[in-house]
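Engineer: Those letters in the sequence shown? Residues 23 to 335, per the working numbering, in order.
Don't read these hints as lab results, they were simulated from the structure. For each residue, glycine too, the CB sits at the ideal point set by N, CA and C. Be aware that a few hints might be false.
Unchecked claim - Derived Cβ-Cβ restraints for the label pairs, each shown as a range:
(1) 55 - 333: 39 to 47 Å
(2) 37 - 66: 22 to 30 Å
(3) 47 - 90: 23 to 31 Å
(4) 173 - 76: 38 to 46 Å
(5) 203 - 84: 19 to 27 Å
(6) 80 - 329: 21 to 29 Å
(7) 266 - 44: 43 to 51 Å
(8) 71 - 43: 15 to 23 Å
(9) 63 - 269: 33 to 41 Å
(10) 60 - 289: 33 to 41 Å
(11) 36 - 332: 27 to 35 Å
(12) 289 - 82: 34 to 42 Å
(13) 266 - 37: 24 to 32 Å
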Amino acid sequence: MTAADNLHHQLADAELAAFVEAVRRDPGPSARELGAAGLRRAQRSRVAGQVRGPEVDTVSDLTVGPGDVPVRLYRHPGADRGTVVFLHGGMWAIGDLDSHDRLCRRLVHGAGVAVVAVDYRRAPEHVWPAAVDDAVAVLRWAHTDAGATTGTAGPVATMGDSAGGHLATLACLRLRDEDGPLPALQVLAYPNTDLTLSRPSVRAKGTGWALDADAVAWGAEQWVPDPARRADPAVSPLYAELGGLPPAVVVTAEHDPLRDEGDAYATRLTAAGVPVRHRCESRQIHGFLTLDALSPAAAAAGGRIFADLADLL
């Protein structure tokens, strides 16, 4: 069996295999070489070439909460199961409202919810805990004032992918500890939960699977410059006391350097008495939620998360 044949066997469809093969062939400059500004330029260029997501009746940019956090609100007739406060991924340093616009549009239709996407402050300009502060502020606003804005009276959930999933976990922990209003549900797609990056999958899947573990390490360094802080429970939720948190959906991917820390987080939530729906998507890679236009298998994996959210709300 050739290397290409083996890759096709390991991944969920031919389109995903071709994508990973192309990245292996030409990975381009590293995150360390590009820096935050270069990574953001490259991402904006990729986003400009994407097909826009499904039409949504109302898309509005506004600021909310006492700190005037920028958000983008998506509303559609019949999408009334509740409101999802969405936190985008991007190694705490990249990603924005435009990078995840297609995903948020799909989420509105796939789960039948209003979506409030958060344009939280990013590293290296704003280090920990600025992004957590913004996430908490928007979740508090969503519980007190969002109904009049979103037009929904249903529950409030939070969702994030990758670093956004990590921020969702930290926001839930903060709200629990401050006796704040907790979301009804936390939906975590391939989340960071351990910024020490010490789990076996970081080594086993750290190169050649479209997310380089050193890029994650670079992002962690931007957001938490002091390495001694990265095992702090306020930074790495895998080390926190997890009792009293909202029910969770935790979905990881087989070929992802973050797989083990996400799986371990689901296990620890369960041990703490938190209701958890957990699965590892076989033959998938990190970032599949934003690869739907490329890969039917990635689109189907995303659809399963939307269905989980709709079911549990």
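Engineer: Work down the list of hints and note, for each, if the structure agrees.
Structural biologist: Each hint, compared with the structure:
Against the hinted window of 39 to 47 Å, the Cβ-Cβ separation of residue 55 and residue 333 comes to about 43 Å, which satisfies the hint. Separated by about 24 Å at the C-beta atoms, residue 37 and residue 66 satisfy the suggested range of 22 to 30 Å. For the pair residue 47 and residue 90, the supplied restraint of 23 to 31 Å is violated, since their beta-carbon distance comes to about 45 Å. A C-beta distance of roughly 19 Å is found between residue 173 and residue 76, which places it outside the suggested range of 38 to 46 Å.
At roughly 20 Å, the beta-carbon separation of residue 203 and residue 84 lies within the given 19 to 27 Å, and the hint holds. Separated by about 24 Å at the C-beta atoms, residue 80 and residue 329 satisfy the suggested range of 21 to 29 Å. A hinted range of 43 to 51 Å holds for the C-beta pair residue 266 and residue 44, which are about 45 Å apart. Checking the proposed 15 to 23 Å range against residue 71 and residue 43 shows it holds: the Cβ atoms sit about 20 Å from each other.
Between residue 63 and residue 269 the beta carbons are some 39 Å apart, a value that agrees with the proposed interval 33 to 41 Å. Between residue 60 and residue 289 the CB atoms are about 37 Å apart, so this pair conforms to the stated range of 33 to 41 Å. As the Cβ distance of residue 36 to residue 332 is approximately 29 Å, the hint placing it in 27 to 35 Å holds. Against the hinted window of 34 to 42 Å, the Cβ-Cβ separation of residue 289 and residue 82 comes to about 39 Å, which satisfies the hint.
For the pair residue 266 and residue 37, the beta carbons lie near 42 Å from each other, so the given range of 24 to 32 Å is not met.
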